Amino acid sequence: MDASEVEFLAEKETVKIIPNFSLDKIYLIGGDLGPFNPGLPVDVPVWLALNLKQRQKCRIVPPAWMDVDKLEEMRDLERKEDTFTPVPSPYYMELTKLLLNLVMCLCSASDNIPKADEIRTLVKDIWDTRIAKLRLSADSFISQLEAHAKLDNLTLMEINTIRVFLLDSLNCLYKLRSNQHPGSSKGQFADF
Amino acid sequence: MFITDIRKEFYEVVANQRVALLVASDIDALCACKIIQALFHCDQVQYTLIPVTAWQDLGTAFLEHKEQFKYFVLINCGANVDLLEMLQPDDDSVFFICDTHRPVDVVNVYNDSQIKLLIKQDDDLGVPSYDDIFRDEEDEEGADSGNESEDGSEPSGKRRRFDEGAIERRIDRQRAKREWETRRREILFDYEQYEYHGTSAAVMFFELAWVLTKDTKDMLWWAIIGLTDQWVHDKITHMKYVTDIATMQRHVSRHNHRNEDEENSLSIDCMRISFEYDLRLTLYQHWSLYESIYNSCYTTCHFKLWTLNGQKKLQEFLADMGLPLKQVRQKFNSMDMTIKENLRDVIEESSNKYGMKDIRIQTFGVHFGFKNRFLAVDMVHATAALLESTEKDESNSDNFIKALDSLSRSNLERLHSGIDLAKKKLMAIQQTVASCICTNLILSQGPFLYCYLMEGTPDVKLFSRPMALTLLCKYLLKAFVSSTRNKRCKLLPLIMAAPKDLEKGTVIVLGIPPESETSDKKNFFGRAFEKAAESTSSRTLHDNFDTSIIELKTEDRSKFLDALITLLS
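Chains as they are written, first to last, in UniProt numbering: chain F, 1 to 192; chain B, 1 to 569.
Watch out, some of these pointers could steer you wrong.
Interface residues of chain F toward chain B, partial, derived using beta-carbon atoms under 8 Å [stated by the list, open to error]: (1) Arg55; (2) Gln56; (3) Asp117.
Listed next, with one range per pair, are the computed distances between beta-carbon atoms [unchecked claim]: (4) F:Arg79 x B:Gln17: 57 to 63 Å; (5) F:Ala64 x B:Glu276: 40 to 46 Å; (6) F:Trp65 x B:Ala15: 36 to 42 Å.
Think about it this way: if two alpha-carbon atoms lie no more than 35 Å apart in a straight line, the pair counts; the simulated DSBU-like pairs of lysine-lysine are [claimed, not checked]: (7) F:Lys97 x B:Lys66; (8) F:Lys57 x B:Lys340; (9) F:Lys12 x F:Lys53; (10) F:Lys124 x B:Lys66; (11) B:Lys402 x F:Lys97; (12) B:Lys402 x F:Lys16; (13) B:Lys402 x F:Lys70; (14) B:Lys214 x F:Lys57; (15) F:Lys16 x F:Lys115; (16) F:Lys25 x B:Lys353; (17) B:Lys177 x F:Lys53; (18) F:Lys57 x B:Lys66.
For the record, the hints were derived by calculation from the structure and aren't laboratory data. A quick note: this is a predicted structure, and the numbers were derived from the prediction, not measured. Ideal placement from N, C-alpha and C gives every residue a C-beta, glycine not left out.
Please work from the sequences and hints to get the whole structure.
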């Protein structure tokens, strides 16, 4: 899976917007999207919100978790705990990038997400801490030759960053180990 | 006809249709094109973008597309000729013309159905009134025939008197008609004699975006670049430039004011436009200060940097400001912070001592991210260099698309490559000017000055393009005026010729008005070239949208010049 595919999946999340046009309810294959009235907030998927924003037809309301104080708390909690803490949103990294970059490109000040730079820094801090924990746990998994591990609260993007490397390295280790014990039963498994 | 409400009569008409955008090849047109493209994207209007370089191009493009489109938007082309006669369109094609070329052809002004001009009517146009130019022929004939029938029915006794009366009336009418026609010719001659430029097309389209409340900072920046292009290529007077800058300044403060409400306003990556009273040293922030002073027209002409004396004066000037040579030859970004802080004021003070009163000019700068600062003048030079780049295997439309891309904020490498090309172009111009002055290539031909660039001159390929040649011409005239002692020559206009196409054996000829403080930038060479070409039957191509730039066969050069001399003296 590619990072861009994960971003594509992230665009299905809903976000609140305030349109400046009016349109009746539209019936799409994925679901209905409520009637649009100027000035009234409505929930739409992120892909539609981005398209409307680029055409200057709506204002995006940042999600509740995209706030400096809340993110600071989450970052401190993440640093204290050894395991992964619950995330603000399963696609927090992608949404941050999409919403904040879009605001940067268009720069219409009235619907700026306030303190975008600080939010970006805080989200990156949280991401770095989590990836460090992931690396640490993968390392201990391999060195202690565990058979299985359980990690809670990982998001798809984080899994995606480590997936290819972890699987390939586990396969290599398996090949090396099975070559050390040539007659063992494990040799009957298919060679990668 | 002129459009009064640009939203209702232009935008709402084309919003639901497919439109063909025919865009001329200059920076103002490119900026206007970006603005209208952004508006079309917002409203999902289908359009086709067709770059055109000259009248023949426009004609071919029109023939190709006339079946598919009813609405054509022409940017910076088409206002100064009788468009309907040239293109012969169908009766239901509508042309929206936003053009800075003046004078607007009278047929375009008075055509009510097919031609709509997106031009402000108070833009100093001086269009002759309808009755002075057009006249209904029917009334006269009706009166004539009425009189004749009366004559026939009258008894013979009174016939002679009535005949005389009728004949006298007819003679009077014919005389009045002749007088009217001579007056008409005079009025049209005065009206069409001088060519000049009006308000920038990019500014017009920005005002459309503003009326639609869809204006963004990007569009404002493009409008500023379009206006600065008119100033850099000397198309508008200084007064007009200052007035238009004031208008743009109002828009800039409006946009900036929106951000001042929140305390931690914008992300560092957001675009910030600011009004700058900055130095007239071209590209100085992307070059070293020394190179910029050496290659900018203003400083070169004042110091006369093609002479040894001038170079000594430049060293004195730098010493007077207390700038060490090592610092000044460094890339500007790597100069010491202490020097950079007060640089503008220090330079202004010193330049006043050396006689350069206007070293600073009002302009705008943009700033996004930590690294990216550009002045409007820098962008104009970079995009112009990309648009007219003479690399092999690059067609005109490739260059057009590259230049158009460089105006977006996401294509910074293209912009930087444009800046590099612009530096090379400026250095080439500087060297050519120095060699022309030192070898006295500028000859006074009586009513004008004349300079011909030989084929072997270095970088002569660069000057086969109209905008680069215009810049060279302007710099050369300023340098000549500052270096000559002949008072009469200082008031003469300049005609310049450079080889254009070696295979076809043609040269490009252009003329610019004389250099003066209060010049109104009105150029009479368009008509002069036409008449000279006719009288000597030289093989010329009056293809460019600016009538003062033509292509001429090299062999006809001397007889063409002689005709011009006789015409203008």
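Results for each hint:
1. Arg55: Nearest chain B Cβ about 5 Å off; hint holds.
2. Gln56: With Cβ-Cβ at 5 Å, under 8 Å, it holds.
3. Asp117: holds (5 Å)
4. F:Arg79 x B:Gln17: 57 to 63 Å: With a Cβ separation near 59 Å, arginine 79 (chain F) and glutamine 17 (chain B) satisfy 57 to 63 Å, so the hint holds.
5. F:Ala64 x B:Glu276: 40 to 46 Å: Because 41 Å falls inside the window, the suggested range holds.
6. F:Trp65 x B:Ala15: 36 to 42 Å: holds (39 Å)
7. F:Lys97 x B:Lys66: With a Cα-Cα distance of about 45 Å, the restraint between lysine 97 (chain F) and lysine 66 (chain B) is violated, given a limit of 35 Å.
8. F:Lys57 x B:Lys340: Cα-Cα ~43 Å, so violated.
9. F:Lys12 x F:Lys53: It holds: about 16 Å lies between the C-alpha atoms, which stays within 35 Å.
10. F:Lys124 x B:Lys66: Violated. Lysine 124 (chain F) to lysine 66 (chain B) sits at ~54 Å, over the 35 Å cutoff.
11. B:Lys402 x F:Lys97: Answer holds: lysine 402 (chain B) to lysine 97 (chain F) is near 28 Å, not above 35 Å.
12. B:Lys402 x F:Lys16: violated (38 Å)
13. B:Lys402 x F:Lys70: violated (45 Å)
14. B:Lys214 x F:Lys57: holds (9 Å)
15. F:Lys16 x F:Lys115: holds (19 Å)
16. F:Lys25 x B:Lys353: violated (72 Å)
17. B:Lys177 x F:Lys53: Not OK: lysine 177 (chain B) and lysine 53 (chain F) at ~63 Å, beyond 35 Å, violated.
18. F:Lys57 x B:Lys66: holds (33 Å)
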